[in-house]
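A.B. asks: Since chain R is already given, all that's left is putting chain F on it; use the hints.
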Amino acid sequence: MKEERIKRILLTLGIIFVIIFCLLPFVWMVAVSLSKTPDFLVRGDYGFTIKNYLDILRLENLHFLDYLRNSLLVSGIVAVSSATIGALAAYAVSRLSFPGKIVIVLSVLALSMFPQISVVGYLYKFMSNIGWINTYNTLIFPYIAFSLPLAFWILLSYFSQIPREIDEAALVDGANRAQTLFRVILPITLPGFLSAILLLFMFSFNEFLFALMLTTDFRARTVPVGIALFQGLHGELPWGYIMAASAISSVPVILIALFFQRRIVQGLTRGAVKQ
Amino acid sequence: MNREIREAFFFILPLGIFVLLLMLLPVIGSFWISLWQDVSFLPRKFAGLGNYFRLLKDFQFWQSAGFTLIFSFASVTLEMVAGTIIALVLNESFRFRGIMRGITLLPWAIPSVIGARIWQLIYRYDYGLANYVLRGTSGLSVNWLGSSGGAFLSLILADSWRTTPFVAIILLAGLQSVPQGLYEQAKIDGANLFQRFFKVTLPVIKPVVIVALIFRTIDALRVFDVIYVITGGGPGGFTTSISLYSYKYFLLGDFSYGSTVSIFLFIIAFTITILYIRAGRFREAAL
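As they're listed, the protein sequences go chains R and F. The numbering of the first sequence is our numbering, which starts it at -9 and goes up by one. The numbering of the second sequence is our numbering, which starts it at 2 and goes up by one.
Chain R with its partners taken away, still in its complex shape (with noise of 0.2 Å):
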C-alpha cells in the first residue's frame, strides 16, 4: 500500500532525526573530554588520551571530587526527604475528607510555578543571618520546598489509584493512619514512590541558581556549578577538564534515565497530564 510506505519512510527519518538530536552533543563531549586539544577537528589531529579524567580524579585543587561528592549527598537527601513529605500530604488529600481540598492541590499547582530568582535574594539574606551560606543545609530546605508539588502531584495520582476498601480494611484491623500509609499503601505503589523519588533525586541534581548564589566554595558548592565555574589559569577555558567532568557528572542520571526510562515517564505524565 502506498501511504504504509510513505509512513515507514517518516517512520525512519523521524528515527535519524531524534538519534542526531538527542545524541551529537554527547558524543561530542565525550570526543573532547578524550582528547589532547578540544580544537582536534580543525587540527585534523585527534591525540586520544584519558589525562582529561585522571586530572579532574586526581587534582585536588580542582575539588570535582567535592563537588561530585556534595551533588550526591544533598540530592539523595531532598529525593527521599520529600517524597515522603509528599507522600503524607498526598495520603491525607486522597484519603481523608476535609475542607478546602481543592484549595490546597491548587495551591500546590501554583506553586509549582514559582521563578526561584523571585526567593533567591530573600534566601540569600536569611542563610546568610542563620549561618547557613555554604553548608549543605542551605540547598537541602529550599530544595525539598520546590520539589515537594513534584512530589505531592506524582504521589497523588498514584494513590488515587488504589481502592479505598484497601486501607479501609487495614483501619478495621486496628492499623492507626500512619501505619496504613507506610505499610500497606506505600508497599503497593512502590514503583510509584521509587519513580518519584528518582524524578526528585534529578530535580536537585541539577539545580544551578540556589547552588550559584548559597554556596561559595567546595564544601557545598555542587556539580552544576562546579562546571559552570571552572576556569583555566590564563583565561582559556579548560574545556578537557570541562567536558570530562560533565561526562563522569552525567553517569548517574543517564544510568538512571536508560534504566528507569518506563518509571520516568510515567511519574512525569501523572504529574502532568493528570489535571
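Keep in mind the hints are simulated off the structure, nothing from the lab. Each hint should be verified, as a subset may be incorrect.
[What the hints assert, rightly or not] For lysine-lysine, the following BS3-like pairs were computed, each having C-alpha atoms within a straight-line distance of at most 25 Å:
no., chain 1, residue 1, chain 2, residue 2
1, R, Lys(-8), F, Lys188
2, F, Lys200, R, Lys(-3)
3, R, Lys(-3), F, Lys188
4, F, Lys188, F, Lys200
5, F, Lys188, F, Lys207
6, F, Lys200, F, Lys46
7, R, Lys115, F, Lys200
8, F, Lys58, F, Lys46
9, F, Lys207, R, Lys(-3)
10, R, Lys26, R, Lys41
11, F, Lys249, F, Lys58
12, R, Lys(-8), F, Lys200
[Unchecked claim] In silico contact screen, one side only, chain R against chain F (beta carbon under 8 Å); selected entries:
no., residue
13, Leu99
14, Phe195
15, Leu248
The C-beta atom is built at its ideal place from N, Cα and C for all residues, glycine as well.
C.D. replies: Quick look at chain F alone, frame taken from chain R:
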C-alpha cells in the same frame, strides 16, 4: 474538631511548613526588600514604590523583558514542533522503542549547565562543531555567540534541545490516549495520513498540548542557567533574561532593585498560573 480533619491537618503540616517558610515567606520577603533602598555599604532607607518607578523607566530592564518574551515564544514554538515529531515517532511500534525512549530522555536528564557547556563549545567560532560542519558544507562561518542574531539562535537551539524531551513525553501520553477506533473510522472515511493527524489526533490531544504549553511557557520565562553559561547575557547585554538581569543586581549587592525585578517576573508567572487554573475548571471530583 472532627478526628479526620485533625489527622489530615497533621499529615499536611510538614508540607505546609516547608512551603510556608521556604517559598511563601521568601516571596513576601523579596517584596518587602523591594520596598527599600538596600545596597551593600549604604544605609538602608524606606523607598516605598520608588524601585518600581525606577523599573518603569529602566530601558535595559524593558529590553531584557522583551528579550525574555521573544525567547520564550520562539523556544516554546520550536519545542512543541520538535516534541510532536518525537512523540509521533515514539508512538509507533518498532524494534528498540524502549531504548529510543530512554535516549530521548537524555538531554532533559542531565544538568542544564552541562548541556549548556556542551553547546557553548559547539558554537565556538574557531574550532566548534557547528562552524566545522558549516565550513565543510557551505564554506561559511557564523559568529554564533558574538552577534546578537547568532546568540539568539544559539540559545533557542540549546534550550529547545534540553526541554523538547519533556514536551515529547507529555505529548506521547496524550497520543496513547487516542482511541484506535477513531483512526479506523477516519481511514474508512478516506482521510490520509496527514488529514488523520490534523483532524483526529490534534483535537483529541489538545488538552495535553495546552498543559505542555503552559508548563513550558512559564519555565521559559524564568530562563537562567542556559543563558548564564552560554552567553552570560551578551553580546552587549542583548540576551539578558529577566532572571539574569535580577541576578546581576544581586551580584552587585543591590538587593532591593534585584528583588524588584524578580517580583515583576513573579507577578507575570503567577498571573499565567491563575489564568490556567481558572480555565482548567478543576473539580474536587477529579481527585
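A.B. asks: Does the nearest C-beta of chain F fall within a distance shorter than 8 Å of the C-beta of Phe195 of chain R?
C.D. replies: holds, 6 Å
A.B. asks: Given the hinted pair Lys(-8) of chain R and Lys188 of chain F, is their alpha-carbon gap at most 25 Å?
C.D. replies: Since the Cα atoms of Lys(-8) of chain R and Lys188 of chain F sit roughly 14 Å apart, the hinted pair holds (cutoff 25 Å).
A.B. asks: Quick one, is the Leu99 of chain R hint okay against chain F at 8 Å, beta carbons?
C.D. replies: Since the shortest Cβ distance to chain F is 7 Å, the answer is holds.
A.B. asks: Can you confirm whether the C-alpha distance between Lys188 of chain F and Lys200 of chain F stays at or below 25 Å?
C.D. replies: Within the cut-off at roughly 12 Å; holds.
A.B. asks: Quickly compare the C-alpha distance for Lys58 of chain F and Lys46 of chain F to 25 Å and report which way the hint goes.
C.D. replies: holds, 21 Å
A.B. asks: Given a cut of 8 Å on the nearest C-beta pair, is the interface hint for Leu248 of chain R held or broken against chain F?
C.D. replies: At 4 Å from the nearest chain F Cβ, Leu248 of chain R passes the 8 Å test, so the hint holds.
A.B. asks: Given the hinted pair Lys(-3) of chain R and Lys188 of chain F, is their alpha-carbon gap at most 25 Å?
C.D. replies: Holds: Lys(-3) of chain R and Lys188 of chain F sit about 14 Å apart, inside 25 Å.
A.B. asks: Regarding the pair Lys26 of chain R and Lys41 of chain R, is the alpha-carbon distance no greater than 25 Å?
C.D. replies: Holds. Lys26 of chain R to Lys41 of chain R sits at ~8 Å (cutoff 25 Å).
A.B. asks: Holds or violated: Lys115 of chain R and Lys200 of chain F, Cα atoms, limit 25 Å.
C.D. replies: Distance of about 54 Å is beyond 25 Å: violated.
A.B. asks: Given the hint that Lys200 of chain F pairs with Lys46 of chain F, does the C-alpha gap stay at or below 25 Å?
C.D. replies: violated, 61 Å
A.B. asks: Measure nothing beyond the straight line between the CA atoms of Lys(-8) of chain R and Lys200 of chain F; if it is 25 Å or shorter, mark the hint as holding.
C.D. replies: holds, 21 Å
A.B. asks: Would you mind confirming whether the straight-line C-alpha gap from Lys207 of chain F to Lys(-3) of chain R stays at or under 25 Å?
C.D. replies: holds, 23 Å
Hint compliance for this structure: hints 6, 7 are not met, and every other hint is.
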